[in-house]
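S.K.: Chain by chain, the residues run as shown.
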Amino acid sequence: MSEALRVERLHKAFGGLPATNDVNLVVQAGERRLIIGPNGAGKTTLFNQIAGDLRPDSGSIRVFGEDVTRLPTHRRAQLGLARTFQIITLFNRDTLEHNLVLSLLGLRRERWNPFASLGRDRTMRAEARRVLAQVGLEELADRRIAEISYGERRRVEIAMAIAQKPRLLLLDEPLAGLSREERMTVRRLIAGIPREVTLIMIEHDMDTALELAENMTVLHYGRVIVEGTRAEVVADPRTREVYLGE
Amino acid sequence: MSPVRPAVWVVLAAVAASIPAWAGEFYVNLASQMMIAAIFAASLNLLVGYGGLTSLGHASFLGGSAYLLAWLFLREGAPHALAAPAAIVGATLLAAVFGWIALRATGLGFLMLSLALSQVLWGLAYRWVAVTDGDNGLRGLTRPAPFGLSLENSAAFYWFALLVMVVALIAMARFVSSPFGAALRGSRDQPRRMAALGFDVWMIRWLTFVYAGFWGGVAGVVFVYYHKYIHPTSLSLQTSAEALLAVIAGGAGTVAGPIVGAVIVVFLKNYVSAYVVRWNMLLGFVFLFIVLVVPEGLVPGLRRLAGAVVRGRSRPAPAGSQEAGR
Amino acid sequence: MFAQLSNSNFVVLQTLNSLALGGLLFLLAAGFSLIFGLMRIANLTHGSLFMLGAYVGVWIIHSGVESLWLAAILSALLIALLGAVFERFVLRALAGNGQGQVLVTLGVSFIVADLCLLIWGGDPIPVPTPESLRVPLRVMGFVFPAYRIAIVVIAIAVAAGLHALIDRTRLGAMIRAGVDDAPMARAVGIPVSRLFTVVFCLGSALAGLGGALGGPILSAYPGLDADMLPLALIVVILGGVGSLLGAFVGSFLIGFIYSFGTALLPDLAYVILFLPMILVIAFRPTGLFGRMSA
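Protein sequences, first through last, are from chains A, B and C.
In case it helps, the numbering used here puts the first sequence at residues 603 to 848.
In case it helps, the numbering used here puts the second sequence at residues 14 to 339.
In case it helps, the numbering used here puts the third sequence at residues 317 to 610.
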C-alpha cells in the first residue's frame, strides 16, 4: 500500500506560539482519516500547509512520494490534490455549471487558450452537469451560487473537488453550519466517494463525522496528541481530556 | 443583463462609420479621439474590470509606444512599416517588465507600484531632453499610408481608427469569453479557490497585464499618428486617470462599458476646454461623483437613481443584482 | 561627472541639498506612511497637500506675516483642517471601499492642483528665506547654506516627536493597535474612526508643514505635487509602510540619490531612483508588501 501523504516534523509559528508543532502524519492511499481538535488546535493551518497556501517554517510534506514542500498550491492540484474550504469560496455571481466548468478547466491545457469560446464547449458543460448530478444538484445547474441554499453550496464545494478526480482530497469542516437533514445528505455523499480517492477530513465536532472515519488524529495546540483507529482514539482518555479540558 | 445582440453591434458600427458623411470636421476629429480613448480604456479594463487589478500606470504603454514610434521615425529614420510594429512590440515588452514588478503585490500595493513605474517613465520623458526633447515634445511625425491610402484627411484617419477599434474590440471580446478569460475572472473573484483548482493565478495576471499593455501600445500608435506629435503628458498620471475614469464611468467588467466611458470623457474634455472651465478640476469632481454616487458605473447607476426617483424613495441596490455582463 | 565629484565644495553642497530634500521628504513620507499604515489608504492627495502648504505659506507671508516659521505652522494647521474635513466627509463615507478611497484621493488631488493654478497662476512663486538664516555659515573653509541645516534639524525634531508620540503616549498606543488590527482595536473600545481623523489630520499637517518649509528651497509652483508624490511613494515602498524608521532612513536615502543624481546625471535622475526600488521589490517582496496587499 502506498502512502498518500507523509508529513514529517512540520512546524509553523506565527509570532510566538506555534500553530503547527512538530507534526508527523502518515496517511495511506485509500484511507479515510479524520483530524479533530478543539478550535485553535491548528487543523486548518495544517491543511493550508498540506495544500500549499501556507509555507511551513520547517519539515516536509510528501504527496504520493513526491516532495511538495516548496511547491505552490496550483502545482499540487496538478498532482492530484484537491480541497474544500472551511468558509465557502465559490464564484457567487456565476452559475453552478460555470463553477464546475472552472473546476474541470483547472487541470486542462485549455485553460491557457485565449481564443476559443468557452461557452461553446459542450463536452465540458456536459461533464459539469454530470458531476452536479452526482451530488444531486443537476436541476440547479443554471442557477447562480448566490441564489442557492447554504447546504446546496456545501455540496457544490464537494462537487468542485471530486470533479477533478483527485487522488488526495482534503475536506475542511464539510459539515459545518448544516442542518440535520443537510448533514445526512453530505455524509452520504462523502461516504460514496470511491476508494481511489484518499480522504482526509477536518471536523471540529467529533460526533458529526465519526462514522466517516477509519482512522483519527487528534490535534491540540498544534501537536498530535492521539492517533490510531477510530475505536482506539474514541476510547483513549486523552481524547476526552482534550475536549473536556476546554 | 443580457449581452447585446450582434445585430445591434453591426448597426452601431454602421452608424459610427457613417459619421464623416454628416458631421463636420471638428466632430470627425473628436470621434477619432474617442476611438483612440476607447481602445485605451478597453485595454485597461482587461486589467481593472476582468482582472480585478486597478492600475494607475496604464499611460506607460500609450505614451511608451507613442514615444518609441516618434523616436524611431524622427531620429532613426525608420519607415512607418517598421516603426509602428516596433513601437507595439516595445510597449508589450515594457508591459512584461512592468507587470513582473507590479505583480509582486496585489491590491493597493499593485496600484502604487503601477503608478510609481509610470511616473518614472514620465519623469524620464521630461528630463532626458537629448532623446525626448523634454517639455517640447517631438513633432514632425507624418501619418502612414497603408496600402497607398493616405490618412491625412480626417475622415480617412477616422475610419482607420474605427477599424482598429473594432478589431481590438473583437479580439478582446474573444479573449474574455475564452477559457483564459474565464480563468482571469475566476482569479479576480476567488484567487485562493483558483489556485486550489490548479490555476497559476500569478501567471494569468501577468499574461493579462502584458496583453493589456499590447493593446495600450496599439492605442498609443493610433494616438501619435492622430496628433503627429508626442509630449510627456501622454505618460502622465492624468492620462492614466482619464482612462480609469472612462472604465469606471462606463462600468468596468463589460467589454462595451469602456467605450461608453471613453466617449463621455473625451466629450467632456473637449467640450469643457472650449468653455474655460478647468478640465483637471472637472476630472476630479467627476471622479468624486462616480465613486460616491454611482460606483457601479454611469449607465447602471443612473438607471438605479432614475428608478429610485420614480419610486419616490431611494433604495440601495440589492447585492448581486448589478452584475457585469459576460 | 567625476570632475564634479572631486570638487569638495560640490560634494558638500549636494550633501546639504540631499539632507534638506531628505528632511522635506520625511515630513511628506511620514504622513503618507502613517495614513497608509493605519487606514490602508494610499493617499494620493498627499503631494497636493504639500504643494498647497507651500502656496498657503507664501500667501500668509505676503499677507503680512513676516516669520516663515509662523507662516509654516499656520499653513500646516489650515491643511490639517482641510484634511480633517476631507477624511470625515468623504473618506469615511467610503469606509471598506479601498479602491474607491484611492480614487477620490486622486480626484481631490486634481481639484487641489487646478485650484492652486487658478488662484496663484502658472509662475513659480519664490519664498524668501528667513532673515536669521540668510547668512551662510562658514566652518572649516566650507560654506553651508544655513537654512538647509535648519530643515534637517526640524526633520530630526519632528521624527523624534513622532517617535515619542507613537511609542510613549496613549494616542500612540492606540495608533499602533489600530495599525496591527483595526477591527480588534475597535472591539477593545478604541475609537478607531476618530483615530483615523486624527491621523489623517496629522499626516496632512506634516505635508503642509513640509511644503511651507520647503518654500525657500523649492518655491511654490504648479507641478510641485507631481514632483514630490512619486518620491514619497518610493520612500514608503523602500522604507516599509507604517515604519517611521523606514520613512526616516528612506527619505534621506532618496534625498541623496535624487540630489546627486539630478546634479550629475540630470537626464537619468528618475532611472537612478528607480533602481533601488526594483532591487528592494525583487529581493524583499513579502517583507515590504505584506501590509500593502489588499
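These are calculated hints, taken from the structure and not from any lab test.
The C-beta atom is built at its ideal place from N, Cα and C for all residues, glycine as well.
Accuracy of the hints is not assured; some may be wrong.
Said to hold, decoys possible - Just the calculated beta-carbon pair ranges, DEER-fashion:
hint: 1; chain 1: A; residue 1: Phe616; chain 2: B; residue 2: Arg88; range: 54 to 64 Å
hint: 2; chain 1: A; residue 1: Glu749; chain 2: B; residue 2: Arg205; range: 19 to 29 Å
hint: 3; chain 1: A; residue 1: Asp669; chain 2: C; residue 2: Leu481; range: 27 to 37 Å
hint: 4; chain 1: A; residue 1: Gly779; chain 2: C; residue 2: Arg408; range: 12 to 22 Å
hint: 5; chain 1: C; residue 1: Leu453; chain 2: B; residue 2: Asn149; range: 39 to 49 Å
hint: 6; chain 1: C; residue 1: Ala411; chain 2: A; residue 2: Glu813; range: 41 to 51 Å
hint: 7; chain 1: B; residue 1: Trp22; chain 2: A; residue 2: Glu749; range: 55 to 65 Å
To be verified - Derived coverage of chain B by chain C (criterion: at least 3 residues anywhere in the stretch with Cβ under 8 Å from a Cβ of chain C; other residues may be distant):
hint: 8; stretch: 199-211
hint: 9; stretch: 214-221
S.K.: So, for every hint listed, does it hold in this structure?
M.R.: Status of the hints after comparison with the structure:
1. A:Phe616 - B:Arg88: 54 to 64 Å: holds (56 Å)
2. A:Glu749 - B:Arg205: 19 to 29 Å: holds (23 Å)
3. A:Asp669 - C:Leu481: 27 to 37 Å: The hint (27 to 37 Å, Cβ to Cβ) is violated, given that Asp669 of chain A and Leu481 of chain C are roughly 50 Å apart.
4. A:Gly779 - C:Arg408: 12 to 22 Å: Cβ of Gly779 of chain A to Cβ of Arg408 of chain C: about 33 Å, so the range 12 to 22 Å is violated.
5. C:Leu453 - B:Asn149: 39 to 49 Å: The hinted range 39 to 49 Å holds for Leu453 of chain C and Asn149 of chain B, with Cβ atoms some 40 Å apart.
6. C:Ala411 - A:Glu813: 41 to 51 Å: With Cβ atoms ~46 Å apart, the hint holds.
7. B:Trp22 - A:Glu749: 55 to 65 Å: violated (30 Å)
8. 199-211: Violated - the stretch 199-211 of chain B has 0 residues with a Cβ nearer than 8 Å to chain C, which falls short of three.
9. 214-221: violated (count 0)
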